[in-house]
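Protein chains in written order, with this note's numbering: chain U, 380 to 515; chain S, 161 to 550; chain L, 4 to 355.
Just to be clear, a hint being listed does not mean it is correct.
Below, computed lysine-lysine pairings styled on BS3-like, alpha-carbon distance capped at 30 Å [unchecked claim]:
| no. | chain 1 | residue 1 | chain 2 | residue 2 |
| --- | --- | --- | --- | --- |
| 1 | S | Lys465 | S | Lys431 |
| 2 | L | Lys112 | U | Lys495 |
| 3 | L | Lys321 | U | Lys515 |
| 4 | L | Lys112 | U | Lys432 |
Listed next, the stretches of chain S that the computed footprint assigns to chain U, with coverage defined by at least 3 CB atoms under 8 Å from CB atoms of chain U [unchecked claim]:
| no. | stretch |
| --- | --- |
| 5 | 264-278 |
| 6 | 299-313 |
| 7 | 358-366 |
Pair ranges (Cβ atoms, derived) [as the list claims (entries may be wrong)]:
| no. | chain 1 | residue 1 | chain 2 | residue 2 | range |
| --- | --- | --- | --- | --- | --- |
| 8 | U | Lys481 | L | Asp235 | 48 to 54 Å |
| 9 | U | Lys481 | L | Ala343 | 56 to 62 Å |
| 10 | U | Arg390 | L | Asp350 | 34 to 40 Å |
| 11 | U | Lys432 | L | Lys232 | 45 to 51 Å |
Please keep in mind that the hints were generated in silico from the structure rather than gathered at the bench.
The beta-carbon is built from N, C-alpha and C at its ideal position, and this holds for glycine as well.
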Amino acid sequence: MTDAAVPRFWREIPQRYNLIANQCSVCNKVYFPPREYCPYCRRKSIGKMKNIKLSGKGEVVTYTMIHDAPEQFEGQAPYPIAIIKLDEGPKLTAQIVDCDNKDVKIGMKVQSTFRKIQEDGWVGAIYYGYKFKPVK
Amino acid sequence: MRDVAVIGVGLTEFGELWDKSFRQLIAEAGSKAIFDAGVGVREIDALYIGSMSTGRFIGQEHVGALVADHAGFSHLHIPSIRVESACASGGLAVRQGYLSVASGINDVVVVGGIEKMTDVTGNAASDILATSMDQEWETFFGATYAGIYAMIANRHMHEYGTTREQLAQVAVKNHANGALNSYAQFKRPIDIKSVLNAPMVASPLGMLDCSPLSDGAAAVVLCSMDKAKKYTDKPVKIIGSGQASDMMPLHGRDNLCTFEATVYAAKAAYKQAGIQPKDVDVAEVHDCFTIAEILAVEDLGFVKKGDGGKAIENKITSLDGQIPVNTSGGLKAKGHPVGATGVAQIAEVVFQLREEADKRQVKDAKIGLTHNIGGGGASCVVHVLEAMRK
Amino acid sequence: MTKNNSIGIVSYGAHVPRYRIKSFDIARAWGKDPDTIINGLGINEKSVPSLDQDVATISVEAARAALARCDIDPQDIGAIYVGSESHPYAVKPTGTIVGEAIGATPDLKVADYEFACKAGTAAIQSCMALVKAGMAKYGLAIGSDTSQAAPGDALEYAASAGGAAFIIGEKNVIASINYTCSFTTDTPDFWRREGRKYPSHGGRFTGEPAYFRHIVSSTKNLMTHVGTKPEDYDYAIFHQPNGKFPVRVAKMLGFTPGQVKQGLLCPFIGNTYSGSSMLGLASVLDVAKPGDRIMVTSYGSGAGSDSFDITVTENIEKMNREKAPMVSQLIENKEYIDYATYAKFRDLLYWE
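Sequences and hints are given; from them, build the entire structure.
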């Protein structure tokens, strides 16, 4: 039996699988993950937030090598975690893959890819989502 | 709004306290503070308790009521309020207590901060600390608490040339101070080499760049200024209190090398106190990781943005420096029982302003500051205190 | 036997994980003579999935690659069938994860397939039938695997990871599938019991009565009914459990090593099980020209073979194949790991 919050992560599948963000039709600011309304346009933006799919292209703003990893990520340590600024504006936090740890650099151009993020032990659900790999 | 003073403080030792439970720790700190203040139990109007995650650390919620019981107040049925803001829970509890007295709702309150972190395994404790970050969009993908601060460090090094050696010097300074503090978890000095060679946690932060897991509690008694003289001839006045919030995930912020929450909380506190950063004589800041202290001295306005590394290198923040920071040993050496930290910071500043800081005493300390951060900088509480001694 | 002229492959995509382990290093780990192994099996190195890759992620990469090469709206995909013997879940289909990841849900028929190494080609046959019956505008058939081999077992040199995806339709096909037929018997040459981690096999029984019998029979049946001879084909792709069998069965049937070469990937990436014949076909499509004729016969233990007679159309020149990685690029994009890292990635060491 697993007590884990399956619906909580199921809800975010469009974000994790396809980088579905939303955009305020009033000021055009892009939000990832999507927001219920724009913090700047506020009530003017209610009902005016449009879903958009991000390209997955971006650039590394900062990163670190995680050595002391949480249990679900132990086998992968040391792995790079980075803050990536996507071309459309928003930033997000994700692992970098398909890259030698020593080659991860601030300013590196990256592209999203579909990977397994974590599992809820041996019997729980498997969660898939975005990681980023370097672009030539 | 009327003036509020701190009239008593109490602390337990910080460390891995296997023999002491959550209930025992808070009762110990609380009773010490009440004894130090000299107030009678019937004069206390309310309790404010700061603790980050009792639900996960000890499987217990409804902690306001629990503490009122174990501190011996339940038969008096006074209100007891549990306050949470991740690692700023203690500082926020102080602010909530302060506001209740300043507004006239209460005359005397006891504010306690407590965390019991060693009843779970180290891995579990790290997971629980990570709940102060964005669980859906940071930790879910493999970021850790140390990892978030490590990313700040890497960006700070990229933008300002801050070095690992400068980060290490923060740990060295704080251990040197902690060695003079009987309450501290680590009472031994360390050298730069040990910090640089310590096992990596999240590059560039090694084990000795990180504050430890700790048990401990701290408490302060707050009282309206006019009543304070009844209890003590060394009240310490809270002259400024500020709190601010910021985007939850680090990646949500425009500037990764500044904690805007610190900037805004400090601005509010300085404004209320009518002072400038240079007027601060001693400060307890939130060094959950060495980089956090570097950011703090910049964001609090002690030095220019980007000069935090140089400040520590030039010994500006040493015990005998221009603005001594973390004379208690900071979170790094004193320990970081999360909810207790914000209250313990007040206690150290009070010791300094009452000239009771023993070998850590800063000469002529008149104005002190406490700086308490939640999680990766999404919340911050800053207090400014002034000595009322002649 | 099915004869149809217009139904075929609209697009295709492939994915092979980056990590490789050399047969040399596996042999040394187990105290075997590397030269004997390499010469006997004809496998130099194999692909290894990292801890964050599995049949779902490989299938999604292959499916996205197929979509990158064509203009179809994913919502027009009416069915997705993923064939594998290492689906991430025993119960909960890989196909729904792929469907969500490519934006084909919710008007979609999905099921996962299993038939050892030919589950993916069986999926192709089902997609053809759905398209022909008008029940789907396009069908997506995927064969992908991250099969496990017991440590120290002979299969350890071959069992690798990879997958290919084929979008089947009837308009603007780049390669028409002229005929498909299957040869199926109940032959227990290789199997894995429910709940067990590693497969078992009948040793030499997996050769003549299993692999060779089914591939030869299926291929001969197809050529008889279509009226072709081996020399009519430009390319021949057979299932690749090692680097030797496909060449041997080709010879038995009258095909030349030259016809087999382009589709023979096993020496470089090992046996990708359900991905094996499909990746071989993808490799051929990477270089094929209009008019090229292709013979594909897969093999799945248990046992059966699916054969396809394929003719490449002019539409292949209109397709920008560069829009997704070619099989040769996937093979070249590699990083070597040692046996200890391999053991960690493949979960050979249990811990609680």
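Next item on the list: Determine which of the earlier numbered hints do not hold for this structure and return their numbers in increasing order.
Entry: 5, 9, 10
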